[in-house]
Structures are given as C-alpha cells and as structure tokens.
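Sequence lines, in order, name chains A and X. 89 is the number that this note's numbering gives to position 89 of the first sequence; each next residue is one higher, with no gaps. 100 is the number that this note's numbering gives to position 100 of the second sequence; each next residue is one higher, with no gaps.
These are computed hints drawn from the structure, not numbers from a lab. Ideal Cβ placement from N, Cα and C applies to all residues, glycine included. Treat the hints with care, since some could be wrong.
Unchecked claim - List of simulated lysine to any residue pairs, SDA-like, C-alpha gap at most 25 Å:
hint, chain 1, residue 1, chain 2, residue 2
1, A, K86, X, M136
2, A, K86, X, R115
3, A, K86, X, A174
4, A, K164, A, G41
5, A, K86, X, E166
6, X, K170, A, K158
7, A, K86, X, P159
8, A, K158, A, A43
9, X, K147, A, M116
10, A, K156, A, K86
11, A, K86, X, A89
12, A, K164, A, R22
13, A, K86, X, D138
14, A, K86, X, P175
15, A, K156, A, R31
What the hints assert, rightly or not - Partial selection, computed: residues in chain A whose CB lies under 7 Å from chain X:
hint, residue
16, K86
17, Q124
18, G125
19, I129
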Amino acid sequence: MVSPNTDLAYDSKIEGDIIVSRLDSVVNWIRTNSMWPMPMGLACCAIELMSSAGARFDISRFGAEVMRFSPRQSDCMIVAGTVTYKMAPHLRRIYDQMAEPKWVIAMGACASSGGMYRSYATLQGVDRIVPVDVYVSGCPPRPEALLDALIKLQNKVKRTPSFKNLTA
Amino acid sequence: MTAIASDADVTASLQAKFPAATLRPSVDHPAVNVPMGEVIAVLQWLRDEQGFDYCVDVTAIDWAEDVSPRFTAVWHAYSTTGHRYVRVAADCTDDENPSVPTATGLWAAADWHERETFDLMGIHFEGHPDLRRILMWDGYPHHPLRKDFPLAGIETELPDIEVAEETQAKVIAAPMAGGPFVASSKGEVNMTDAEPRAKDESWNEQTPKPE
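If we strip away everything but chain A, and leave its shape as in the complex, we get:
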C-alpha cells in the first residue's frame, strides 16, 4: 500500500478470524481506496488527467484508475477544463446523476475560478453550480498536482463520519 493505514491492525495469531475496528474506519477505508473518477474532461486539463492515468504517474496506485464515463458508477467528478455556460447545466445534471457519496475535484484555473476566461461565455468557477471538495491550481496542473489533490480528498474522506451520515 502507498500509505500505511493505521486505522486497522490485525494479528491473526491473537484475534483469529475476528477483526475489531470502528465502522467509520472500515467504510472510509473502502471508499478511500476505490474512488472511481467521473472524468469531466472539457479542455486541455483533460490531457493532464489522461497522463495521470498513464504508466509514469499511474493514478491506479491510489485506486482511482477506473475512469467511469457513466455517472452512476463513479464517485468523484474531476472537472478538468473550462466550463462554459452552455455546458454548465449538463455538468450539473451529470453531478446529480452520480450516486452518493460523491465528491468533486476542480482541476485547474478554469474549473476553479474561470481562469483567464473572464468572458460572457465562461462559468466563473465550477463551485457556482456544484460543491467542490478540492481545488487544484495550475494551467494546466501537473499530474502530480492531481495526485496530490486525490490524496487530499482521500484524507478528507477518511475523516468523514460516514456511518453517522448513513444512518442520519
């Protein structure tokens, strides 16, 4: 594993077939390490997104290599690129179609703030229509920056009271 998970400790000689842990830890552990992205590739950031899935950067080390082009099967929307006002409602509908729990990464200057497109045609930040968990700076960001954002998002998910949210 890339990051040692200190939430779970198991010694079969002592505990046999029984694992004791907090339910939140188990749920979050599962969610954290199989965070399938919904690639919302709208501009040049999508090229960096693609290369982060390639062999050199290998996003599958973090369990997020399964780019689902179906919102039903994805957990994390990566908005990679310029969102025009014409595209914005479609982006919001795809977000609405994603099953809970779901997260959003705004990748790059355009998705985060509109970037250099101060224009009548460009949405000035995707956080105006969907809740964003992690913003990535850069134009476009390096694949390492996206991996860093993914790790930050995983850390955020690990701290979530998931079981309480499930029963609430």
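Using the hints, position chain X against chain A.
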C-alpha cells in the same frame, strides 16, 4: 470556367460584369464592395465563371452603434484551381434588423458560417435552411460580438431553468479588471499585488522578506 491570369483581372472583369461594384481597399487579396441586392449574383458569377469553388468565410463587421450603414457582411472565397482568394463585402441597408441573402444555395459550407454570424452579430440570413444559434445556447438574448455588447457580458439566466433554480447561479457579467490576469494601463492596480500568487506571500517588491 475560365483560367484567371491575375488578381486585377478578377476585379476588372467583375466590375465590367457588375458596374455597381467598387474596389475595396485591401492589403492582401482582391476585394470589392457590391450592393446587397447583387451580392448573390456576384458570388454565383465568381463561383461559376471565375472558379472560386470554395467558401472560406462568411462574416460581418459592426462599425459602431451610431454609424450608418452599421453592418457590413463579408464573404471570402478561394479557388482551388487558381489558388487565389477574393473578398466580397456588402453593406446592410437596415441598421436595426440587418438582413443578408443566404449563400447556402451556392456553397453548402456557408451554412455554419452564417449561423455563427447570426449568433454573434445578429444578422438575419434570408432563406437560410436552419438559422439557429451555433455557439451560444438557444434562447440567449444577446449577440455578443456587437459593439454595444460589453466585453464583460450581460447578466442573464442559465440555459437550463431547473438547474438555475437548483443552484441559484446566473450568467454573470465578468469584468476583466476584476480578474487575476489583467493589468491596468492607468496604474490603479499594482500587478504584483493583484497576482494571486503574490497574495499568498508575506513579502514582495514593496515589503521586503522578513529575516
């Protein structure tokens, strides 16, 4: 179709055929101004008689709100056999609701060019088979490349009513001066302070780095 010797021959023979056509100042390709009523006949003559078989561009110029004629439609055609361009321009007679005859009957390629010109300049192409907006969404109330449209844009509703209600988001005017990439020529904004990365630092050119 006849072979053409030079650029001057195109305009000369065009003016011989269409006496109302006048030479248009041009630094590159032969160019003519023609009356709007004759423009389709001129384009058809260029296509059939002069070999300009390829419609490169259909666009328009908005001179200003208070200028008459305000709009000028411009066509560029290319000859794939003669390897030359020609430019034809025609003033719109109506400044309020400019109207131009369509060239889709001559070149199918004119279809999307005319839709774009309609979308961004608000010029109506008479006889166009499918004159819808092509870049902005259907129902957008403005024509963004007109001179009276501010660069920042005008606040309007999002294309999708449901999403607009859900998110309370609008198409907002985004003035360049508020953005992170714009310098002011008058010097009100110090670019070092305006740069987003400078805001993250406790020191810059004005305030030295603390020891």
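For each hint, the structure was consulted:
1. This hinted pair checks out: K86/A and M136/X have alpha carbons roughly 7 Å apart, not beyond 25 Å.
2. Of the pairs offered as hints, the one joining K86/A and R115/X holds, with about 17 Å between alpha carbons and a cut-off of 25 Å not exceeded.
3. In summary, the hint linking K86/A to A174/X is supported, as the alpha carbons are separated by about 16 Å, within the 25 Å threshold.
4. A distance of roughly 33 Å separates the Cα atoms of K164/A and G41/A; the hinted pair therefore is violated under the 25 Å criterion.
5. With a C-alpha separation of about 16 Å, the suggested pairing of K86/A with E166/X holds against the 25 Å cut-off.
6. Distance hint between K170/X and K158/A is unfulfilled; the C-alpha atoms sit about 34 Å from each other, more than 25 Å.
7. A hinted pair counts as satisfied when its Cα atoms are at most 25 Å apart, and K86/A with P159/X qualifies at roughly 7 Å.
8. Under the criterion of a C-alpha separation no larger than 25 Å, the hint pairing K158/A with A43/A is inconsistent with the structure, at around 31 Å.
9. With a CA separation close to 22 Å, the supplied pair K147/X and M116/A stays within the 25 Å bound.
10. Of the supplied pair hints, the one linking K156/A and K86/A is violated, its CA atoms being roughly 31 Å apart against a limit of 25 Å.
11. Pair hint K86/A plus A89/X does not hold up; C-alpha atoms about 32 Å apart against a cutoff of 25 Å.
12. This hinted pair checks out: K164/A and R22/A have alpha carbons roughly 12 Å apart, not beyond 25 Å.
13. The straight-line distance between the Cα atoms of K86/A and D138/X is roughly 9 Å, inside the 25 Å bound, and the hint therefore holds.
14. Using a Cα cut-off of 25 Å, the hinted pair K86/A and P175/X holds, with the two alpha carbons roughly 19 Å apart.
15. At roughly 11 Å between alpha-carbon atoms, K156/A and R31/A fall within 25 Å of each other, so this suggested pair holds.
16. Annotation: interface hint on K86/A holds; nearest CB of chain X at approximately 5 Å, less than 7 Å.
17. Because the smallest distance between the Cβ of Q124/A and any Cβ of chain X comes to about 5 Å, under 7 Å, the interface hint for this residue holds.
18. Residue-level restraint check for G125/A is violated (minimum Cβ-Cβ distance to chain X is 10 Å; threshold 7 Å).
19. Annotation: I129/A was flagged as interfacial toward chain X, and the flag holds, the nearest CB pair being 5 Å apart, inside 7 Å.
Hints 4, 6, 8, 10, 11, 18, counting from the list given before, are not met by this structure.
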